[in-house]
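Just so you know, the protein sequences line up as chains Y and V, in that order.
Using our numbering, read the first sequence as starting at 346 and increasing by one per residue.
Using our numbering, read the second sequence as starting at 4 and increasing by one per residue.
Check the hints yourself; a few may be wrong.
Straight line, CA to CA, 25 Å or less: simulated BS3-like cross-link-like pairs of lysine-lysine [claimed, not checked]:
{"#": "1", "chain 1": "Y", "residue 1": "416", "chain 2": "V", "residue 2": "76"}
{"#": "2", "chain 1": "V", "residue 1": "76", "chain 2": "Y", "residue 2": "469"}
{"#": "3", "chain 1": "V", "residue 1": "173", "chain 2": "Y", "residue 2": "501"}
{"#": "4", "chain 1": "V", "residue 1": "72", "chain 2": "V", "residue 2": "173"}
{"#": "5", "chain 1": "V", "residue 1": "124", "chain 2": "Y", "residue 2": "469"}
{"#": "6", "chain 1": "Y", "residue 1": "416", "chain 2": "Y", "residue 2": "441"}
{"#": "7", "chain 1": "Y", "residue 1": "441", "chain 2": "V", "residue 2": "124"}
{"#": "8", "chain 1": "Y", "residue 1": "416", "chain 2": "V", "residue 2": "173"}
{"#": "9", "chain 1": "Y", "residue 1": "441", "chain 2": "V", "residue 2": "173"}
{"#": "10", "chain 1": "Y", "residue 1": "441", "chain 2": "Y", "residue 2": "510"}
{"#": "11", "chain 1": "Y", "residue 1": "466", "chain 2": "V", "residue 2": "75"}
{"#": "12", "chain 1": "Y", "residue 1": "466", "chain 2": "Y", "residue 2": "441"}
{"#": "13", "chain 1": "V", "residue 1": "135", "chain 2": "Y", "residue 2": "416"}
{"#": "14", "chain 1": "Y", "residue 1": "416", "chain 2": "V", "residue 2": "138"}
Covered by chain V, per the in silico footprint, the following chain Y stretches (three or more residues, Cβ under 8 Å) [what the hints assert, rightly or not]:
{"#": "15", "region": "352-366"}
{"#": "16", "region": "490-504"}
{"#": "17", "region": "539-548"}
Since the hints were derived computationally from the structure, they do not count as laboratory data.
It should be emphasised that the depicted structure is a prediction, and the values quoted were computed from it without experimental measurement.
From the three backbone atoms N, C-alpha and C, an ideal C-beta is built for every residue, glycine too.
The lines below spell out each chain.
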Amino acid sequence: MAWDRNQMAARAALELQDGWYVNLGIGIPTLVSNYIPEGMDVTLQSENGMLGMGAFPIEGEEDADLINAGKQTITELDRTSYFDSSTSFGMIRGGKIAMAILGAMEVAENGDLANWMIPGKLVKGMGGAMDLVAGVGRVVVVMDHASKHGDSKVLKECTLPLTGKAVVDRIITNLGVLDVVEGGLKIVECAEGVTEEELRAATLATIV
Amino acid sequence: MKKVYGSAAEALEGVLHDGMLIAAGGFGLCGIPELLLNAIRDAGTKDLTFASNNAGVDDFGIGILLQTKQVKKMISSYVGENKEFMRQYLGGELELEFNPQGTLAERMRAGGAGIPGFYTKTGVGTVIAEGKEHKDFDGETYILERGIVADLAIVKAWKADDTGNLVFRKTARNFNPPAAMCGKICIAEVEEIVPRGSLGGDAIHLPGIYVHRIIQGDHEKRIEQRTVRTA
């Protein structure tokens, strides 16, 4: 047993704090917005130039001028503001965004993150990920613990080109939660039905 | 001085030349200068370098200029939505310079603001930093990135007055202001040209000093990822 995508997103939502401005990446991180605790004041940033991102629109109300960073149609809220891309990354680089929750291909025990490129195979680009991990207050990665081929994605060292060096603070996977600390990773909790032994066995990184 | 032109082709007259650097606004297909891109395709200008966050899709946006092999190089942060792009890039026909999205936006803004270079911590310790000057400030390492000054900027806005003051709509603003700022010449296409004074000076997003030519036209405004919720 382990967490599914929605349970991982729900666990990641526990990282949010009242009053925070937060950036959610594409994939499982996007689902985190479904689990923001009732009454908690969290403002979502979309790096294409928006603070206060709302839900997806109902059919017929899509607006070509209103999309998120994954190019999906979205809606605005009464708190929404819009701005240009240089202003958007000014607030990211300037440390105004409290936390980014991102997906990853690999994370290493020193907090190195790889999530933008597989040489010779996948050449899409880093988008805003390098700016986010360099600039925001806290970086939380949400991803499956292993690749489709069953290989651990939680490594001693990343094998893929890096998105950022020593930037990850916390890793949430289907098997549990790990923090990047001095000397390696520290187990914070195991997913429901997962033992510490199973989590250790599935992890190539040093666990301290 | 007259800034309003009758069509995209007219507005581009005397501006295009082979091998030029064009900065284009837009994010994905949102807020892209679609009319000017169509006119550049029709003009047949070759060996173009585009500084643009994305490369459109196969049949819309900058993608149409890839089909006609008019693009030599892209400076972009994300090109994942374009199969023809991948084919040309992997085949060695197209150069690609990846820039982190915020670095690209700031390179445009800086170029337009007379700043030839700036230090950023984005990309430190990655391939992006290779060959770039590193410098420590207050115990943290930064890399030097260059401002971009483009031969031409092409942008899309919602409304303009005839002096070139621009107003954008929602997330269609994105890269348009910084792209406009970094162009030696900037052409803006808008949905509506309104009378002088009607936009209100406090509400202007980009002052007309950055905008040299304006056209009005009908926009397709294609949606890339139509996503809805069930009510």
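Each hint tested on the structure:
1. Y/416 - V/76: The hint holds at about 23 Å.
2. V/76 - Y/469: holds, 15 Å
3. V/173 - Y/501: At roughly 43 Å apart (the allowed maximum being 25 Å), residue 501 of chain Y and residue 173 of chain V break the hint.
4. V/72 - V/173: violated, 32 Å
5. V/124 - Y/469: holds, 22 Å
6. Y/416 - Y/441: Cα-Cα ~23 Å, so holds.
7. Y/441 - V/124: Given pair residue 441 of chain Y, residue 124 of chain V holds - Cα atoms ~15 Å apart, limit 25 Å.
8. Y/416 - V/173: holds, 13 Å
9. Y/441 - V/173: holds, 21 Å
10. Y/441 - Y/510: holds, 20 Å
11. Y/466 - V/75: With Cα atoms ~22 Å apart, residue 466 of chain Y and residue 75 of chain V stay inside 25 Å; holds.
12. Y/466 - Y/441: Distance of about 35 Å is beyond 25 Å: violated.
13. V/135 - Y/416: Measuring from Cα to Cα gives roughly 31 Å; hence the hint is violated.
14. Y/416 - V/138: violated, 35 Å
15. 352-366: Per the Cβ count (0), the hint is violated.
16. 490-504: Coverage by chain V is violated for the region 490-504 of chain Y (0 residues, Cβ < 8 Å).
17. 539-548: With 0 residues closer than 8 Å to chain V, the region 539-548 of chain Y misses the three-residue bar; violated.
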